[in-house]
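Colleague: For reference, the chains in residue letters:
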Amino acid sequence: MHEIISEIVDSVDFKGIRCIKGYNEIARDYSSYLCDESKLAHQGAQYLFFPANEGELSAIFQEMAKRDVKITISGARTGLVGGAVPYGGAIVSLEKFDKILGLRYDNRLKEWLVKAECGVTIRDLNNWAMKKVFPGLSEGGSAETKAFLERYKESKTTYFYPPDPTEMGAALGGTVSTNASGARTYRYGPTRNWVRCIRVMLASGEVLEIPRGKCFATPAGEFTIIDSKGNETGVKIPRHTMPSTKNAAGIFSAPNMDLIDLFIGSEGIFGAITEVEIALQKWHNPVSIVQFLPSDDKAIDSVVALRKEKSIRPEFIEFYSSHALDLLRNKQDEDPKVVGMPPIPDYAKSAVFFDLRFDPESKDNDYSKLEEIVCTCGSTLAKSWAGYEQRDLERFKNFRHVLPETVNSIIAERKKKIPELYKLGTDLAVPDQALEKIWAFYKSKLEKAGLEWVAFGHIGNNHIHINIIPRSLEEMKEGLSIYREFAKKAVSLGGTISAEHGIGKIKKEFFSIMFSDKELKEMKAVKIALDPGLILNPGNMLNI
Amino acid sequence: MIADRYNKISVNLRRSVAEKLVKMKILICVKQVPEITDVKINPETGTLIREGVDSILNPFCEYAVEMGLELERHYGDIETVAISMGPPQASSALIRCLEMGVDRATLLADMRFAGSDTWATAFTLAQAIRAMEGDFDLILVGKQAIDGDTAQVGPELSEILGIPQIMYAVSVELTGNKKKIRAKREIETGNEIMEIKLPGLVSLSKGPMIRSVSSFKEILDARKKELRVATASDLNIDENELGLGGSLTQVVKIFPPQVKKTGKLVDGSEPQGAAKKLIGFLRERKFV
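Heads up: the sequence lines are chains A and B, in that order.
Going letter by letter, the first sequence gives residues 1 to 544 in this note's numbering.
Going letter by letter, the second sequence gives residues 1001 to 1288 in this note's numbering.
In short, the hints are calculated from the structure, not lab data.
There's no promise every hint is true.
To be verified - Each computed BS3-like pair below joins lysine-lysine, with the alpha-carbon atoms no more than 30 Å apart:
{"hint": "1", "chain 1": "A", "residue 1": "Lys308", "chain 2": "A", "residue 2": "Lys153"}
{"hint": "2", "chain 1": "A", "residue 1": "Lys153", "chain 2": "B", "residue 2": "Lys1040"}
{"hint": "3", "chain 1": "B", "residue 1": "Lys1277", "chain 2": "A", "residue 2": "Lys15"}
{"hint": "4", "chain 1": "B", "residue 1": "Lys1025", "chain 2": "A", "residue 2": "Lys363"}
{"hint": "5", "chain 1": "A", "residue 1": "Lys383", "chain 2": "B", "residue 2": "Lys1277"}
{"hint": "6", "chain 1": "A", "residue 1": "Lys397", "chain 2": "B", "residue 2": "Lys1264"}
{"hint": "7", "chain 1": "A", "residue 1": "Lys310", "chain 2": "B", "residue 2": "Lys1224"}
{"hint": "8", "chain 1": "A", "residue 1": "Lys383", "chain 2": "B", "residue 2": "Lys1040"}
Could you build all of it, start to finish, from the sequences and the hints given here?
Modeller: Rendered as structure tokens:
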């Protein structure tokens, strides 16, 4: 099937919808809606809406279209590329779409599925899934849902939702719109792999319900959307080749692709996702290990070896470069409680952080292959930190998160003297075979330039975040030029300019490194077909 | 024959003195507790709600373990032994002690111990120590468990064993050629230094600011160390002195403290009006 019909939702009187009017009032009382985690400067907004259902959202879309007012969709505003930062017009916050709508077991897919509104956070979703308590379902759910809920509770297996963007306060809708990734993408793939159905409100105010596996592109790469009045809109998918890496740059494209994938990761430029059905995965008790190594190069060797050894299946593999450990050591001297770990040993010149399945009750845990790899890379299992209690898992996770936070605090301090300074954080990924090559490239360029930098992040996916911490505007200029070189190198190695942050309003200048003019034109054509008035999320991803 | 017997006794004595000179023994009594910061009690049954709550080594007991291991690192030639009384699953708290570096551990697990109050717990621990660890030098305990908060088992244990005690220590050192222990304890008016002869008992109220972390090797090796499970039959103890029967006190009811609702609620549906009301209220009472 290549056609899909959009539906009208119960109409609501626009006049009855709560609206904050005027920039002054928004800036005075609701300033947090003007920015997100990117700290990008906004360009003002005239309206701020808080719809609580699709009827209200549809009325807002239709009224704003009539007035030719652009709309910026706002979720939890945890994005790093300014996707939720308004460039004029109206802000529509979907925070009131916060309900769990259903739970069911799919016999065909053999998996548990949870349906939730877009404003539910990933943290809540995971807590509820793991504790087997879904607010509202046992009271307000249908008889069928209640029966499923009982069955779910009775099951001895614990389930969780694998996508884990570092910021677990992210809203589900936002994570689907950006195809969010995180450490666990190494083992479980990005958000896309876990989405089974979405409801998306188009700029027209009509809604598409798109289950996975029902609507595919024609061999010529086309979809047809038929609205409630019978009008047909043809959508021709772009023909670019997707990088064979974790990727958050550009619109998804594949021969005979599923329509749902066009909307996942499209950064809200085609519509606002209102509901999502996601799949859960079985949870296994892990042990978190920070393995210290004698050098960055040995850490890279250990990652290559860990990936090759099929009997070891880490949930994720993260990286702390030598400079990153030094930065954390300084932080420990300053305030040991923030880091929350004992002093980092002097022998630690680099580290990899990973989770492995672990049974604390068993005496037969065999990790001899891991020991072999670690020894080959010049270390031993005695030179590690490990923990498996829940409080330790959280502690180790914090040890990972405290690193970018420390970088941000250094930048914030330097900004007091030089306000124009900002952190230069890369989000590049390359295919597996290019990891050693790109690391050597990063290191040689950065060392030659004499800049202050750290490297950390999702090395399992060859997705190392290089954070350049400029001390002056000259250094920032030099850092930016190096960043561009890195992006070009990553793309030349078959990688991406953005593995997880997306493009938003901040990374558009790198877009042309990855896509040709023709490919960008094809993406714009999809935008024009689905949002002819260009009212949704102006400034995101495409210059149009 | 008399000479033979004399020689045997003499050899045994010399051996025990020699062993004593080289190896000191520290016993660390620990408890497994639910990891709870916000205690929830079932109002109908009056019991703690433990569903979804992980069990951990009591943090004050962890301080005691840290201190025992610190003494071992500092003075050397010390054997550390962790002892706990609890259900079979309490062995995980002892495994945590073994991961931290304790040499061996004993779990006292028997249905006959169930329902023990602090006295019966201390008495059972004392009997276990007499029966299985006889010749010890020092007992370390946490000042209290975070679930019951009684802080009674440590002092009771030292009284039953007839050894001196120092409560609420924050740091310790061995003195007098390892025959004494000196501890700094925090009291309301400052710090107090106390010294007792060994064998003795010290309870710890503070540990390092940052909890220690084990290496993966220590976690794996801990599972190969000795973890003995002992029952009432191993303790040479009268059954009437165990569990509920041996308890001098009984918990009649557990209930959360009543929360007095004395707060004033300002309707926040109109933020501006609500803020004005709030400021008026604060000004009225001269807070601002």
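Colleague: Confirm or reject each hint.
Modeller: Comparing the hints with the structure gives:
| no. | hint | result |
| --- | --- | --- |
| 1 | A:Lys308 to A:Lys153 | violated (38 Å) |
| 2 | A:Lys153 to B:Lys1040 | holds (21 Å) |
| 3 | B:Lys1277 to A:Lys15 | holds (29 Å) |
| 4 | B:Lys1025 to A:Lys363 | holds (27 Å) |
| 5 | A:Lys383 to B:Lys1277 | violated (60 Å) |
| 6 | A:Lys397 to B:Lys1264 | violated (39 Å) |
| 7 | A:Lys310 to B:Lys1224 | holds (26 Å) |
| 8 | A:Lys383 to B:Lys1040 | violated (40 Å) |
Of the numbered hints listed earlier, those contradicted by the structure are 1, 5, 6 and 8.
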